[in-house]
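With the working numbering applied, the sequence shown covers 1034 to 1134.
These aren't lab readings, by the way, just hints derived from the structure by calculation. C-beta: ideal position from N, C-alpha, C; glycine also. Treat the hints with care, as some may be off.
Unchecked claim - Here are the computed lysine-lysine pairs in the BS3-like style, where the Cα-Cα straight-line distance is at most 25 Å:
id, residue 1, residue 2
1, Lys1060, Lys1039
2, Lys1039, Lys1101
3, Lys1060, Lys1101
As the list claims (entries may be wrong) - Simulated restraints on C-beta separations:
id, residue 1, residue 2, range
4, Asp1046, Phe1110, 42 to 48 Å
5, Val1116, Pro1088, 37 to 43 Å
6, Ser1111, Asp1131, 45 to 51 Å
7, Leu1038, Phe1121, 19 to 25 Å
8, Phe1110, Arg1055, 34 to 40 Å
9, Phe1110, Arg1053, 34 to 40 Å
10, Arg1068, Lys1039, 21 to 27 Å
11, Pro1036, Ile1066, 21 to 27 Å
12, Val1116, Asp1050, 44 to 50 Å
13, Val1116, Asn1037, 31 to 37 Å
14, Glu1043, Phe1109, 31 to 37 Å
15, Ala1122, Asn1084, 24 to 30 Å
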Amino acid sequence: MDPNLKLSQEDGDLLDDPLRYRRMIGKLLYLTITRLDLSYSVNRLSQFLANPRVPHFQAAYHVLEYIKSTVDQGLFFSTTSCVQLKAFADADWAACPDTRR
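Let the sequences and hints guide you as you build the complete structure.
Structure representation (structure tokens):
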């Protein structure tokens, strides 16, 4: 998901079938167990489960397109190599344009 994309509770029309959006986000949440690269996007999209709107559904669809395009990518570790894994996280403070939280 584009980090510059500002999703809001008020932008766009309400979805005709919000259950479809909720099911999609539920499936994406399940995928985050093995696809940690999806965590930020799915977290942001899950904030709109109560009143999903068209831009939220479009952003979720873009996440699905990303998954489709990266299905053959991954990290592979050899059993004979000495690998040291380091991870970093960057919090997105004040990402919500409605509440600035």
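- Could you tell me which of the numbered hints above are not met by this structure, giving the numbers in increasing order? Hint check: 14 fails alone, others pass.
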